[in-house]
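2 protein chains.
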Amino acid sequence: MTDTARGSSRRYGTRPTMKDVAARAGVGLKTVSRVVNGEPGVTPDTEHRVQEAITALGFRRNDSARILRKGRTASIGLVLEDLADPFYGPLSRAVEEVARHHGALLINGSSAEDPAREQELALALCARRVDGLVVIPAGDDHRYLAPEIAAGVATVFVDRPAGRIEADTVLSDSFGGSRDAVAHLLAHGHRRIGFIGDRPRIHTAKERLRGYRTAMAAAGLPVDDAWVSLGTTEPERVRTAARAMLDAPEPVTALFAGNNRVTVTLVRVLRQRTAPVALVGFDDFELADLVSPAVTVVAQDPARMGRTAAGLLFRRLEGADEPPRREEIPTRLIARGSGEIRPAHG
Amino acid sequence: MTDTARGSSRRYGTRPTMKDVAARAGVGLKTVSRVVNGEPGVTPDTEHRVQEAITALGFRRNDSARILRKGRTASIGLVLEDLADPFYGPLSRAVEEVARHHGALLINGSSAEDPAREQELALALCARRVDGLVVIPAGDDHRYLAPEIAAGVATVFVDRPAGRIEADTVLSDSFGGSRDAVAHLLAHGHRRIGFIGDRPRIHTAKERLRGYRTAMAAAGLPVDDAWVSLGTTEPERVRTAARAMLDAPEPVTALFAGNNRVTVTLVRVLRQRTAPVALVGFDDFELADLVSPAVTVVAQDPARMGRTAAGLLFRRLEGADEPPRREEIPTRLIARGSGEIRPAHG
DNA sequence: ACCCCAGGTGACAACGTTGTCCAGCGACTA
DNA sequence: TAGTCGCTGGACAACGTTGTCACCTGGGGT
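Line by line, the protein sequences give chains A and B.
Read in the UniProt record's numbering, the first sequence has 321 at position 321, and its numbers run on one by one without any break.
Read in the UniProt record's numbering, the second sequence has 75 at position 75, and its numbers run on one by one without any break.
Careful: at least some of the hints might be erroneous.
Same chains, same label: a pair holds when it works inside one copy or across any pair of copies.
Claimed, not checked - Below, simulated PhoX-like cross-link-like pairs (lysine-lysine); rule was C-alpha separation at most 25 Å, straight line:
no., residue 1, residue 2
1, Lys30, Lys19
2, Lys70, Lys30
3, Lys19, Lys70
4, Lys70, Lys206
5, Lys19, Lys206
Hints in this document: simulated from the structure, not taken from any laboratory.
Start from the sequences, fold in the hints, and give me the full structure.
What follows is the structure, encoded as structure tokens:
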């Protein structure tokens, strides 16, 4: 048994090509191509012979060759932060749905919040000649994509803006949503409100902090430095930050969580405490209404973000030649109880 | 302005090729190829000239052509049920992680539980000449994949077995997990236990039902037909089924939910009722410990399933020539409270 | 009877890359 | 000094498909 023998059955070379089909059907190569692509100009009789050869040989068109020839791949790339994060599930699903509607496949990868990996992935997708790219930025410099965009790769940034480059962008209203969230807590009598958010490098984290500060300022309230903590969403980090705020001499009476991972950790922290602390989280999550107290949130609409992004992308692909757009998706405060707790000594 | 003028900047044809780079660097085509692929046999000086030309022109290798030439695409396909379902997030992430480790990209799509769409997707991926395929079956006949598998596409089925075809498979221990879940309820004194599961067409639903029946039989208990309800996971369907069981003359005192979607709906149903009803769910979910009572579940390990599947796939790609394997991933009962409620008149 | 036309069909080049193979050139050895 | 070796570099074919164009055949019009 030679090694050729072993490998031969796995060789792509053994796959039948149009040439093989043509030979078997006794027709020309181009005729097979016509049948495969449903082009007109083939007698029913010929077509039948070709179809028969196709099934007999188990032929399947090699899209790699087709793509090479046609230039368009009918696929779009999606670079996101983490496929396993519940925020991105509906988003990717929405992108996929739109892509499917346009006959395109979705190729995706997770950057794990690492700018280098984001770039590596995005460029790998460009090398595959995806027609378009939906990117949830991990880094803040996307100039590396400029040549690709110039070469015709429609590119849309979602959830966070592109860095140092002009491009279509779809964002949640992080600032407005956060302002509303904090205003909600203020309206319920809180004066000392803590904010625990994601790393300051991340745009949405900054925007949400800005919303928090703006709401506090609008109420004429000072913000103690100890009330703000930005960092990773690791549960341990969040727990430590929360404890510091809650165990201070003048503890906060309410917390505003900068994202869904933080909110979940805070729910766990707060349930171990006796003193009631109000909580509002940015981004909704499943079962938020079932924990007790039910968690008040600023809901985003990830599916809509995905749909909007993919929509913009395909507009470009269809030739829309307008300056880059920036769509802002509104957020919605959903009051469920945890934000309505009044401060103990209100 | 002619239409050529409008479209020209978006044409792939305008992208520089190795030929262009070679011309600019004053070297041969193959030398550029060597530099791009880091092959030896190029003087530092020449290499430098080529690198310069590459950056100057913004060249990026066209992987379509490379794929066509080499036969291998360095990408694997993933066909799942719904990207937005929290069960599949960690699973796809795990597959992606392994793929990345092998230098492969992930192309994926959702079948939406529709066999026709599953087939369409899987075959589209094969036409793209993915090296391998991870499929979470929606249908129960996968003979359509036989030619592809024969042609060398490594294929692994996950979560549900392949239909009418032999192939590597990775499953959760649905039967054993369900038996344990029901045994747990029995141990807490329940005798009338309801099972609400997914559509009977789905293999895991059948297996979980079998586990339920086996546990009941082992305890010498009859199963009333009214205690079993299989169907979609639509909340409305599940609510109706639950109400019928709970409002019967001889109501069930405990419920076993066949999957995570059903469990969540049941939690909502039960919290509106005064009489305590025990609940165990198949498949864990985030915050299961935070609702009250905390939900006892049979936990699966989707990440491990994904890793195992991708592992099998790459073993095949690396030439493993063994008969199809069937890996069963054990489940784990996590008692949190909801399963430990004793029947009112126990 | 001739010409023309239309529709069906096939030969051939091209897409951009990689593998094969050979040529050129400088250096080292006998 | 001549022969040889090793290394760099390039010409060319091939991967499987599609677009272009020309050929052929048969039928209808004059």
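| task | Taking the numbered hints from earlier one at a time, note which ones the structure violates and give those numbers from smallest to largest. | result | Checked against the structure, the hints that fail are numbers 4 and 5, while the rest are satisfied.
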